[in-house]
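Visitor: Convert by adding 52 to the 1-based position in the sequence shown; the result is the number in the working numbering.
Bear in mind the hints are in silico, worked out from the structure with no lab data behind them. C-beta: ideal position from N, C-alpha, C; glycine also. Incorrect hints may have been included.
Unchecked claim - Each computed DSBU-like pair below joins lysine-lysine, with the alpha-carbon atoms no more than 35 Å apart:
#1 K221 / K144
#2 K219 / K113
#3 K221 / K198
What the hints assert, rightly or not - If you anchor each label on the Cβ, the simulated ranges turn out as follows:
#4 P76 / E191: 51 to 59 Å
#5 V317 / E200: 21 to 29 Å
#6 T259 / V317: 25 to 33 Å
#7 T139 / P76: 39 to 47 Å
#8 D109 / S213: 17 to 25 Å
#9 S133 / T259: 49 to 57 Å
#10 S146 / Y61: 33 to 41 Å
#11 E265 / K219: 38 to 46 Å
#12 I55 / N182: 44 to 52 Å
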Amino acid sequence: WVILQAPLYIHEGDDVTLRCHSYPGYSGGKTIFTKDDTVIGNWGPDSVFLITNISIDRSGKYTCTKEVYGGRLESSEVSISVKESFTDPEIKLSANPIEGDNITLTCLTRPSLFISATEVQFAFQRNGQNVQEFGSSKEYRIRFAKLEDSGYYICEVRRSSNGLTRKSKEINVQIQELFSHPEIVMNPDFPREGNRVILTCNTSINTLRNDIELQFVFYQNEKKVQKLNSSHQYIIPLAQLENSGNYSCEARTLYKGMKKRSAVVSVVIQ
53 WVILQAPLYI HEGDDVTLRC HSYPGYSGGK TIFTKDDTVI GNWGPDSVFL
103 ITNISIDRSG KYTCTKEVYG GRLESSEVSI SVKESFTDPE IKLSANPIEG
153 DNITLTCLTR PSLFISATEV QFAFQRNGQN VQEFGSSKEY RIRFAKLEDS
203 GYYICEVRRS SNGLTRKSKE INVQIQELFS HPEIVMNPDF PREGNRVILT
253 CNTSINTLRN DIELQFVFYQ NEKKVQKLNS SHQYIIPLAQ LENSGNYSCE
303 ARTLYKGMKK RSAVVSVVIQ
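Starting from the given sequences, assemble the full structure and let the hints guide the process.
Guide: As structure tokens, this is what we get:
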């Protein structure tokens with residue numbers, strides 16, 4: 053006499069419509085809906101019950117009871133199993149990121165077999181701020197990574213058809229220095245006219261990239277006094293008063309042209 057109709061596949065976040073049909077030719081009266089023997093829709097004229105944004109804990113046995121011909125009560129039941137739209141996302145990163153590298157963060161999740169891949173969208177955040185809005189790519193790419201790209205990253209997955217979202221746990225991404233900020237050192241500390249003065253540009257290369265070569269430039273009062281070359285020293289063989297000034301050095305990589313400059317050291321020839 054009565055049939056309770058529900059969708060074949062139901063996923064969390066869906067809006068689900070239950071329809072309590074009576075057989076053709078038999079008029080139906082008031083209808084009541086229950087879940088696991090608890091009333092969820094009391095006696096009324098509506099033979100349709102809507103569950104919005106259904107969650108997994110709404111799985112269970114649903115029953116509709118309807119008044120049919122002669123005031124008789126007829127019931128029908130259906131079991132509903134609400135499936136995950138996708139598993140909790142996990143954010144992954146290639147190991148040991150170093151400044152200058154191209155870095156890829158990947159958001160891993162497994163959608164339900166009954167959900168189209170085009171429905172699943174991904175977004176990324178760093179320190180609570182969006183760095184990539186929702187889209188089809190499960191990857192966030194950082195080209196030529198800088199130290200300021202360090203931070204706490206999460207990814208978020210969304211089902212476009214119903215707006216259901218889940219966030220990953222955060223990961224702490226720390227971009228390591230390729231080489232340290234250079235420091236310019238003078239020898240001797242108090243040079244006099246005629247002294248041999250050596251300015252050394254000290255820096256250290258990350259042990260994970262010790263195959264790179266650094267090139268150096270030296271400046272006096274912002275004017276280049278030694279062009280780019282592999283020597284980390286600038287030598288004044290016979291110091292004169294005009295060699296006094298504010299000196300700095302710059303270390304550069306030939307690979308991708310990364311450069312870092314030292315603070316200024318004041319050289320006073322006495």
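Visitor: Is it true that S133 and T259 lie within 49 to 57 Å of each other by Cβ?
Guide: holds, 54 Å
Visitor: Would the hint linking K221 and K144 be met if the CA-CA limit is 35 Å?
Guide: holds, 10 Å
Visitor: Okay, S146 versus Y61 on CB: inside 33 to 41 Å?
Guide: Once the Cβ atoms are compared, 37 Å apart, the range 33 to 41 Å for Y61 and S146 holds.
Visitor: Within 25 to 33 Å or not, the Cβ separation of T259 and V317?
Guide: With a Cβ separation near 27 Å, T259 and V317 satisfy 25 to 33 Å, so the hint holds.
Visitor: Honestly, do T139 and P76 meet the 39 to 47 Å range at C-beta?
Guide: About 43 Å separates the Cβ atoms of T139 and P76, which means 39 to 47 Å holds.
Visitor: Quick one: are D109 and S213 within 17 to 25 Å, going by C-beta?
Guide: Given range 17 to 25 Å: holds, Cβ gap about 21 Å.
Visitor: Straight-line Cα separation of K221 and K198 no greater than 35 Å?
Guide: holds, 23 Å
Visitor: Is K219 close enough to K113, meaning Cα to Cα at most 35 Å?
Guide: holds, 30 Å
Visitor: Using the beta carbons of P76 and E191, state whether their distance is inside 51 to 59 Å or not.
Guide: holds, 54 Å
Visitor: If you check the beta carbons of E265 and K219, does the distance land in 38 to 46 Å?
Guide: Given range 38 to 46 Å: holds, Cβ gap about 43 Å.
Visitor: Taking 21 to 29 Å as the stated bounds, is the beta-carbon spacing between V317 and E200 within them?
Guide: With Cβ atoms ~27 Å apart, the hint holds.
Visitor: For the range 44 to 52 Å, tell me whether the beta carbons of I55 and N182 fit it or not.
Guide: holds, 47 Å
The structure shown violates none of the earlier numbered hints.
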